[in-house]
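Chains as they are written, first to last, in this note's numbering: chain G, -1 to 322; chain U, -1 to 322.
Treat the hints as calculated values from the structure; they're not laboratory data. Take these hints with a grain of salt, some might be off.
[To be verified] Derived DEER-like restraints, expressed as beta-carbon distance ranges:
#1 90/G to 226/U: 51 to 61 Å
#2 179/G to 268/U: 52 to 62 Å
#3 226/G to 116/U: 52 to 62 Å
#4 120/U to 113/G: 17 to 27 Å
#5 114/G to 87/U: 11 to 21 Å
#6 114/U to 175/G: 18 to 28 Å
#7 32/G to 163/U: 38 to 48 Å
#8 116/U to 175/G: 33 to 43 Å
#9 120/U to 219/G: 44 to 54 Å
#10 298/G to 95/U: 51 to 61 Å
#11 175/G to 8/U: 52 to 62 Å
#12 33/G to 116/U: 40 to 50 Å
[Unchecked claim] Computed far set for chain G versus chain U, every beta-carbon distance over 10 Å:
#13 71
#14 88
#15 102
#16 113
#17 153
#18 155
#19 188
#20 193
#21 241
#22 283
#23 284
[To be verified] Below, a sample of chain U positions facing chain G; criterion: calculated Cβ distance under 10 Å:
#24 66
#25 88
#26 113
#27 252
Quantities reported herein were computed from a predicted structural model and do not represent experimental measurements. Where is the CB? At the ideal position from N, CA and C, for every residue including glycine.
2 protein chains.
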Amino acid sequence: MSAGDKCLQEGRYVALSGGVGGAKLSLGLANLLGDRLTIIVNTGDDFEHLGLYVSPDIDTTIYTLSDLVNPDTGWGRRDESWNFMAAIAQLGSPGWFRLGDSDLAMHVERTRRLRAGESLTAVTAHYAECFGIAAKVLPMSDDPVRTIVDTDLGRLAFQEYFVREQCRPRISAINFDGAVSARPCQIALAALAEPNLSGVIICPSNPYLSVDPILAVPGIKEALKACDAPVIAISPIIAGKAVKGPTAKIMEQLGRSADAVTVARHYAGLLSAFVLDKCDAGRAVDLMLPTLVTNTLMRSLDDKISLARACLDFCAELRKGAQR
Amino acid sequence: MSAGDKCLQEGRYVALSGGVGGAKLSLGLANLLGDRLTIIVNTGDDFEHLGLYVSPDIDTTIYTLSDLVNPDTGWGRRDESWNFMAAIAQLGSPGWFRLGDSDLAMHVERTRRLRAGESLTAVTAHYAECFGIAAKVLPMSDDPVRTIVDTDLGRLAFQEYFVREQCRPRISAINFDGAVSARPCQIALAALAEPNLSGVIICPSNPYLSVDPILAVPGIKEALKACDAPVIAISPIIAGKAVKGPTAKIMEQLGRSADAVTVARHYAGLLSAFVLDKCDAGRAVDLMLPTLVTNTLMRSLDDKISLARACLDFCAELRKGAQR
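Could you build the full structure based on these sequences and the hints that come with them?
This is the structure:
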């Protein structure tokens, strides 16, 4: 048995993830690891809409891992109907954030449970169980952390910027309201502190909007630095472009060069190594880090599992290197 | 112009109504009266389900008056889809009270507005406006009144008895929790006190479960007694049977004879006159009240308008009689 195969059968891993891109790699990892995977998910995008507590990145993760996700969008449910939204429009209520009829069950039931005193961690665990997901899906915190962007249209809540304004406003700064006093999810911290942890994988999510909120929760960055396992990140930027979403545009607006190297440097001090796409192979030398150059574009399920396997093998190599 | 035609063009009327049967006559009345109709609706059936504030009789009234109602059931929306309920079942949440995808918008938005501090009266007025309803649709009270039945299965909230248990338990008593301290809807009281009021119509709803909760709200019974206009009721019992629902069964369980005369006597002291079906023409002599014998079964829209017109004409006659 190779070291790689052994780690596939035994090691425990933690992933940090945002929405669509992160959920894709999480699905690959979950296929290989099952209940040995813990996914810490960004909740900076969470918000209340129509009085319902909406947690977009958690739901994207759950739908993706249970094969219920809409394959065309990467979020929301497949075969969705939209009669609720049509009726909401009749009542003159805002329709810019669209909640599908099936998807609505997640928000209604989560809102009810949170109001009854359950934690977001408990609600998320219940959902994962209902959908037969073996991996642990965890919110980064049970406390509210809200991503707010300063733009040329003023301060906007994340979903206002992302959905209502379609990422058109120019961003000058990104804030995580509430982060300073948020307590990290204790199960997440415990997973990062496990003595037999084999690796931490920062998924190819938007570093500024999806991963930074997780790192802004006091204790999580420290836990990453303190853990014995290698910490690797996968670039969400391929050949200067984001696979999906406004990552590249935001990097430019924030005065940064939109490339994989900038992403790696953004995580300076946290990473043992970095994973970048074959298109960016030439940039590997610019990094003062071990690198894995591989195909990072995930179209099919096979792509997701292949990238996941490459990441796990890379972690095994890094562990071996550390032992020498 | 006959007195009847004049009253159709000028008079103001108040209806007291429960669910399906009451909404049918309300529709007939609304067709003839438009904004000169005020409907005071039972809210004793209201309850919280999946964390949402559900107001069944108000919604049945609104859907019926806006021609959105499901013609097969008399409640809920036509052309409804049920994907939310399927998703709720996946989350292991209770499915005995079914909320359709379109219908859900009413409950979500009402819950949000009530939590934001709006009154049920204001929310209901907003809905009526959105659906182009000219008649005033009013909850009997903005305060919670909850119909609770004592049964051989113990105390049951109305919807538990009516929907979950399908009216199977045997009722020994009916309570209206909260009624003693509930304040009547002020717009309803004002409508009943109007000097030019032409009539009050107690719709053919269940007297014990739908109309009694309205009459239990302090001030409403007194306003009915004090108003100058005739107060008439239409029997929901035709030839010893309820057109819909458990009215006849409940009357028997409460030790009462299930017939139109019992209904009239139930409203003793409140009524100027009573309306009963042609099937029960022979029972008119048993009442110590003026009676109108007419077709009270409402199948088509024409039936509803015909019965409404007969009720308005009857009120006009009663007013003329009172002036003599």
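Evaluation of the provided hints:
no.	hint	verdict
1	90/G to 226/U: 51 to 61 Å	38 Å, violated
2	179/G to 268/U: 52 to 62 Å	60 Å, holds
3	226/G to 116/U: 52 to 62 Å	55 Å, holds
4	120/U to 113/G: 17 to 27 Å	22 Å, holds
5	114/G to 87/U: 11 to 21 Å	19 Å, holds
6	114/U to 175/G: 18 to 28 Å	21 Å, holds
7	32/G to 163/U: 38 to 48 Å	43 Å, holds
8	116/U to 175/G: 33 to 43 Å	27 Å, violated
9	120/U to 219/G: 44 to 54 Å	48 Å, holds
10	298/G to 95/U: 51 to 61 Å	42 Å, violated
11	175/G to 8/U: 52 to 62 Å	59 Å, holds
12	33/G to 116/U: 40 to 50 Å	46 Å, holds
13	71	17 Å, holds
14	88	6 Å, violated
15	102	5 Å, violated
16	113	6 Å, violated
17	153	22 Å, holds
18	155	17 Å, holds
19	188	26 Å, holds
20	193	35 Å, holds
21	241	29 Å, holds
22	283	50 Å, holds
23	284	47 Å, holds
24	66	9 Å, holds
25	88	6 Å, holds
26	113	6 Å, holds
27	252	35 Å, violated
The structure shown violates the earlier hints numbered 1, 8, 10, 14, 15, 16, 27.
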